[in-house]
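Peer 1: For the record, the sequence lines run as chains Y and U. Position in the first sequence (first residue = 1) + 542 = our numbering. Position in the second sequence (first residue = 1) + 9 = our numbering.
Hints in this document: simulated from the structure, not taken from any laboratory. Only a predicted model underlies this, so the values are computations on that prediction, with no experimental measurement involved. Incorrect hints may appear among the rest.
As the list claims (entries may be wrong) - Quick list of the computed label-pair ranges, beta carbon to beta carbon:
no., chain 1, residue 1, chain 2, residue 2, range
1, U, 44, Y, 663, 21 to 31 Å
2, Y, 636, U, 56, 35 to 45 Å
3, U, 41, Y, 641, 39 to 49 Å
Glycine included, C-beta positions come from ideal geometry on N, C-alpha and C.
In case you want the letters, here they are:
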Amino acid sequence: MRATTADRAATAPNTYLICVAAWLVPGAGHLWLGRKQKGLTFLVTLTAMFVFGIWIEGRLFPFQFSEPLVALSAFADIGLGLPYFLAKAMSAGAGRVVAITYEYGNAFIIVAGLLNMLVVFDAFDVAQGRK
Amino acid sequence: MALFALFVSTAFAALMRDTPGDQVRFGARLFAAFMAAGIVLGWILYPFPL
Numbered sequence: 543m544r545a546t547t548a549d550r551a552a553t554a555p556n557t558y559l560i561c562v563a564a565w566l567v568p569g570a571g572h573l574w575l576g577r578k579q580k581g582l583t584f585l586v587t588l589t590a591m592f593v594f595g596i597w598i599e600g601r602l603f604p605f606q607f608s609e610p611l612v613a614l615s616a617f618a619d620i621g622l623g624l625p626y627f628l629a630k631a632m633s634a635g636a637g638r639v640v641a642i643t644y645e646y647g648n649a650f651i652i653v654a655g656l657l658n659m660l661v662v663f664d665a666f667d668v669a670q671g672r673k
Numbered sequence: 010m011a012l013f014a015l016f017v018s019t020a021f022a023a024l025m026r027d028t029p030g031d032q033v034r035f036g037a038r039l040f041a042a043f044m045a046a047g048i049v050l051g052w053i054l055y056p057f058p059l
């Protein structure tokens, strides 16, 4: 028998733990909550966006608060969670400002991070039984 | 631009619609809107120098 929304909310182990998982691995929150198709879509799409952005020489911005736009970009970048930290650990995402694809790469990386933040909010709503 | 539109419309479709059929229809419409907006804005901005 398919669980109702209220059942899912009641049996959700920990809403905040789900949100942390959803942030760390794109789609993990939805996979945890049994929404496999959505979870896999987010996992593949957002990870591909991030990897493509790095591949076309986009940059992972540092938290440089003297430059507010750079700090905001860093905040958006870190929205993707584990792939961001993995890329940092592998010294990827240095960016090459003179590359013609630099700004396109930044757009892919930043938007992937921001979309994952929306996915985390969606996972929170699902875990709370609102969706 | 097309790849970016494809990724973003796929993610938004999965976020905003629940059934696979609705997701495909919404995603396709969103992708078409992104492409059309890109082409129209490209033509509007064409006369302006960088």
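Peer 1: Now look at each hint and say whether the structure bears it out.
Peer 2: Hints and how they fare:
Between residue 44 (chain U) and residue 663 (chain Y), the C-beta spacing of about 27 Å keeps the proposed range 21 to 31 Å intact. The hinted window of 35 to 45 Å between residue 636 (chain Y) and residue 56 (chain U) holds, with their beta carbons roughly 37 Å apart. Residue 41 (chain U) and residue 641 (chain Y) have their C-beta atoms about 30 Å apart, which leaves the hinted 39 to 49 Å range violated.
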